[in-house]
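These protein sequences, in sequence, are chains A and B. Under this note's numbering, residues 3 to 178 are what the first sequence spells out, in order. Under this note's numbering, residues 3 to 178 are what the second sequence spells out, in order.
Hints were generated in silico from the structure; no laboratory data involved. Accuracy of the hints is not assured; some may be wrong.
Since the list can't tell identical chains apart, any single copy or any two copies may satisfy a pair.
[Claimed, not checked] Pairs of lysine-lysine, DSS-like flavour, derived with a Cα cap of 27 Å:
| id | residue 1 | residue 2 |
| --- | --- | --- |
| 1 | Lys72 | Lys29 |
| 2 | Lys44 | Lys93 |
| 3 | Lys81 | Lys44 |
| 4 | Lys11 | Lys44 |
| 5 | Lys72 | Lys44 |
| 6 | Lys36 | Lys97 |
| 7 | Lys11 | Lys29 |
| 8 | Lys36 | Lys81 |
| 9 | Lys44 | Lys29 |
There are 2 protein chains.
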Amino acid sequence: MEQGLEEKKVTSTEVYHGSFLRIYEDKVLLPNGKEASREYVKHPGATAVVPITSDGRIVLVRQYRYPVGKVTLEIPAGKLDAGEEPLICAKRELKEETGYVAESWTKLTSLLTTPGFTDEVIHLYKAESMRFDEACPDEDEFIHTCLCTPEEIRRMIADETIVDAKTLVALFMAGI
Amino acid sequence: MEQGLEEKKVTSTEVYHGSFLRIYEDKVLLPNGKEASREYVKHPGATAVVPITSDGRIVLVRQYRYPVGKVTLEIPAGKLDAGEEPLICAKRELKEETGYVAESWTKLTSLLTTPGFTDEVIHLYKAESMRFDEACPDEDEFIHTCLCTPEEIRRMIADETIVDAKTLVALFMAGI
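Let the hints inform the model, and build the full structure from the sequences given.
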């Protein structure tokens, strides 16, 4: 731990408990000895996958993201079940959302989505040597699959069609 | 709006109102006509900057991120004040956190940090033609500045020292 930056927990209070989010308000001691408060979201974590077909196209998903009020174009992703291994989750979500099963998996990184207010970590993978099996989205999950060439992806990054952070990081790290 | 994906708001209830976060629980109508609930965080939005010195080094900041319980290495960033122009905010945060003032500003993109549960947008910029003036962090804000070469940054991305999503996206888009 770096000297002179750490904040120490004094008290921790859960102020909201939703179906997957929990909000805490903590009192902390700052490096200068003063007290401050910190509000943040506890999140179960997630995985996301850059799925690359044998002809070099990338499988993306379109879905309505209610918090931002629009349809986004993202890599397949999903929340970790309690105690679930990230790679198991990534394989499950890829199959459910797109129908693809992959033989070859490469870990890219584990990113913090927005560490100023949440502990959410997303484990990112690249999936190759894929075959199409059968999509099986959760009931009441509405997702369209979209196969894009690297050129199409670079254009959609440039024109801000693709703006989801995990998607951008994973595409860059997969060399797309 | 893409056909067949949109969810329509039925009711919206604020269930938490913190110092900068607000949590909502909404009832929505799914594309199949069923009802579902959505919980999400309203966030004021933010800006972040890749500051590049005349000798090609990048100014990063180390700070303790309480929600994840560790010191992170990120590009300078900060929340928008109510009604604030993103570029004004970016200039303010760069000066406050690092002491640098830049002549040349390039917009990179506006990303969604994690659209599954928040509307947070971060506007990303590249700042060049910089001169050092004087850092003026907020009282009770503890930040160490760090000048890194592109080679050091690439190594710290590979070894997962740099894992903050906005930082990774902005560094990649700035061509680092």
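Comparing the hints with the structure gives:
1. Lys72 <-> Lys29: For Lys72 and Lys29, only the inter-copy Cα distance (17 Å) is at most 27 Å; the intra-copy one is 36 Å.
2. Lys44 <-> Lys93: within (24 Å within a copy, 31 Å between copies)
3. Lys81 <-> Lys44: both (13 Å within a copy, 20 Å between copies)
4. Lys11 <-> Lys44: both (15 Å within a copy, 25 Å between copies)
5. Lys72 <-> Lys44: both (24 Å within a copy, 15 Å between copies)
6. Lys36 <-> Lys97: between (50 Å within a copy, 24 Å between copies)
7. Lys11 <-> Lys29: Within one copy, since 6 Å is at most 27 Å while 35 Å is not.
8. Lys36 <-> Lys81: For Lys36 and Lys81, only the inter-copy Cα distance (22 Å) is at most 27 Å; the intra-copy one is 37 Å.
9. Lys44 <-> Lys29: both (16 Å within a copy, 22 Å between copies)
Hint compliance for this structure: no hint is broken.
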